[in-house]
Structure formats: C-alpha cells, structure tokens
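Numbering follows the working numbering, in which position 284 of the sequence shown is assigned residue number 479; successive positions increment by one, without gaps.
For the record, the hints were derived by calculation from the structure and aren't laboratory data. Think of the CB as a built atom: it goes at the ideal place given N, C-alpha and C, for glycine as much as any other residue. Hints may contain errors.
As the list claims (entries may be wrong) - Below, a list of computed lysine-lysine pairs in the DSS-like style, where the Cα atoms sit at most 30 angstroms apart: (1) LYS453 x LYS402; (2) LYS398 x LYS442; (3) LYS347 x LYS330; (4) LYS338 x LYS442; (5) LYS348 x LYS442; (6) LYS225 x LYS347; (7) LYS338 x LYS321; (8) LYS482 x LYS436; (9) LYS441 x LYS203; (10) LYS225 x LYS424; (11) LYS225 x LYS302; (12) LYS453 x LYS436; (13) LYS424 x LYS330; (14) LYS330 x LYS260; (15) LYS424 x LYS436; (16) LYS447 x LYS225; (17) LYS321 x LYS351; (18) LYS437 x LYS419; (19) LYS402 x LYS436; (20) LYS453 x LYS398; (21) LYS424 x LYS338; (22) LYS302 x LYS447; (23) LYS468 x LYS447; (24) LYS436 x LYS468; (25) LYS482 x LYS327; (26) LYS327 x LYS447; (27) LYS419 x LYS402; (28) LYS447 x LYS437; (29) LYS447 x LYS424; (30) LYS419 x LYS348; (31) LYS398 x LYS338.
To be verified - Here are the simulated distance ranges between beta carbons: (32) HIS322 x TYR250: 14 to 24 angstroms; (33) SER249 x SER421: 45 to 55 angstroms; (34) ILE403 x ASP261: 45 to 55 angstroms; (35) GLN455 x GLY416: 51 to 61 angstroms; (36) ARG373 x LYS436: 38 to 48 angstroms; (37) LYS321 x GLY416: 22 to 32 angstroms.
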Amino acid sequence: MTMPYNPKELLNNTLTMVIDLLACGINPDKSTVFIQSLCPEHTELAWILGCFCSYGELQRMTQFKDKSESEKLQERGAIVSTGLFTYPILQCADILIYRAEYVPVGKDQEQHLELSRTLANRFNNKHGDFFKEPKALFTEVPKLLSLADPTKKMSKSLGDPHCLRLFEDEASIRRKVRTAVTDVGPEKGQMSLGIENLFELLKASDKIEAHHSLMESYNNGTLKYSDLKETVANGLVELSKKFTDKKNELIKDENLIKEQIYEMSITARRYAKETLSEVRELVGLPKLH
C-alpha cells in the first residue's frame, strides 16, 4: 500500500505470495507463516518505535530514495506517502515484536536491519534490557545482480530483462542467461561483475560441483562463457521446475492453505500481543482489556 496498487488484487496477491513461499520450501510444520495485516500489534509497536527514530535516519534510507524517485510513482502522478517514508520502522516492528535474534535478509536489507538494532538499543537504554538486537543471517548467495546490467542489483522493477522469476518458464530462463551481460565491472585481470553473477547463480541453484569445476577452468584461463551460461541455465531450469511443480500441487489445496494461514496468523498474533503488552507497560501506557 506504500506504492500505487489495485485494492482488488491485494488479497489475491497475498495468498499467491504465501503459496509461492511454501512452493520454495518453507515448511509450515517448522515455520509460522502468517499475514502481517492480521496482526495489528505490529502497527502499534511501529508507532511506539517511531518515537525512538529520527527524521534524518529515515531520510537516509536508500530504498526510500529509490522508490520515491521511481518511474512508477512519477508515471501515475502519485504522492510520496508518509507510509513509504516510515515503512522501515514497520519493518523494525515486524522483527522486534517477536524478539528475533537472527533475521534472514538479502544484502539490500542490511540498512533496515541496522535500524532495528539502533531502535532496540535506544528503547533498551530508556526502558531496560527488553529487545534483542537482531543480527543478519545471510544465505550462501545474499545478493544477485541484474542480468542486463550487473552494476545494479537484480530487481523486477528494472524490467523483465534484468531479473529471473522463481516460476519462469524454461525458454525464458535460457534466453535471459544466454544474453546475460558478462564483461562489465572491475579492471582487467579481475573477474567481471557479469561473470561473478553467473557463478553466484550457479551456486544459488545448488550446482556446487559444477561451480567448482567451472571456477577452476576460469582460474586457469580455459573457461568458455557459453559453457558457463549453459550450465547456469540448466541449473536454474531444474530449480524453477521444482518450484513450479510444488506450486501446482499447492494450488489444488488453496482452501486448506487459507485455513492454515489464518490459524498460523492467530498463533503469531498471540506472541505479538504478549510483547506489545509488556512494551505498553514499560512506556507507561494503560493495559488493554
């Protein structure tokens, strides 16, 4: 809602996102997958945390700068909303309300996670040792670059040629990898950003043995870019098919998934209520009945 959107599509997109997460391997028996908007305690904690955050800190958030200047806003003549400006505080509330120690994030979210540590620290300094200061938990591949311009991060907002989608069809994956930019980046003698990105994609598709073999070829000067691209494409096609097959299975049980998500949202809200109740007491707000 912080960017222009269609209200009729929002609920459907929410369910689609849940199914996508489950299709990619999130196990609801081990993880609580819930809808944030069903837990209003997040919003209240965000307001409280906003009292510990400066205007200047929000101004320096790089994602706010990027999105507020995006073509999507300019084309539609939309306002740069306060919701977009204060969104990093809501992210902090999402993390801190569950007293998280580690947060799985991409490199592009590191700045927002740092803000959550800052706000937790300020709150603790004033009201006692309450919130944990969360640390980043990076995957083996914490950041991927654009296929069309490897000087930028991979993002669907840059346009279709720049990104790979989780459920992309085989022909599209092979075309994008085949035409991926390679020789862009560091000085001669160093691995270019484009080639480095292809190796990262190979690692992301869990083709570790192929990664080692092709890296060895690169180091001894015998690597053919066509071989690297074909191997990357094969790995990504295999991964995408795995995700797509799982998604097609899940869609058949859409109503069951809806029930599970609402049940897990109730569970999440129970934890959120406990935290918020303690926070309200610490900051001097009356108890809710």
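Between LYS321 and GLY416, is the Cβ distance one that fits in 22 to 32 angstroms? violated, 59 angstroms
Practice task
Starting from LYS453, check that the Cα of LYS398 is at most 30 angstroms away, please.
Solution key: violated, 33 angstroms
| request: Quickly compare the C-alpha distance for LYS436 and LYS468 to 30 angstroms and report which way the hint goes. | output: Violated - the C-alpha atoms of LYS468 and LYS436 are around 40 angstroms apart, more than 30 angstroms.
For this session: Mind checking the alpha carbons of LYS330 and LYS260 for me, to see if they're no more than 30 angstroms apart?
Result: Since the Cα atoms of LYS330 and LYS260 sit roughly 24 angstroms apart, the hinted pair holds (cutoff 30 angstroms).
#### Entry: Straight-line alpha-carbon gap LYS453 to LYS436, limit 30 angstroms
holds, 24 angstroms
Q: Starting from LYS424, check that the Cα of LYS338 is at most 30 angstroms away, please.
A: holds, 19 angstroms
- Is LYS327 close enough to LYS447, meaning Cα to Cα at most 30 angstroms? It is violated: about 40 angstroms lies between the C-alpha atoms, which goes past 30 angstroms.
Report task. Please work out if LYS338 and LYS442 have their alpha carbons no farther apart than 30 angstroms. Result -> Holds - the C-alpha atoms of LYS442 and LYS338 are around 24 angstroms apart, at most 30 angstroms.
Worksheet item: Does LYS398 pair with LYS442 here, judged by a C-alpha cut-off of 30 angstroms?
Response: holds, 23 angstroms
- Agreement of LYS453 and LYS402 with the hint, judged by alpha carbon distance not exceeding 30 angstroms: violated, 34 angstroms
- Task: With a cut-off of 30 angstroms on the C-alpha distance, tell me whether LYS482 and LYS327 pass.
- Result: holds, 23 angstroms
Worksheet item: Holds or violated: 45 to 55 angstroms for the Cβ distance of SER249 and SER421?
Response: holds, 52 angstroms
In this structure, the hints that do not hold are numbers 1, 6, 7, 8, 10, 13, 17, 20, 22, 23, 24, 26, 29, 34, 36 and 37, in rising order.
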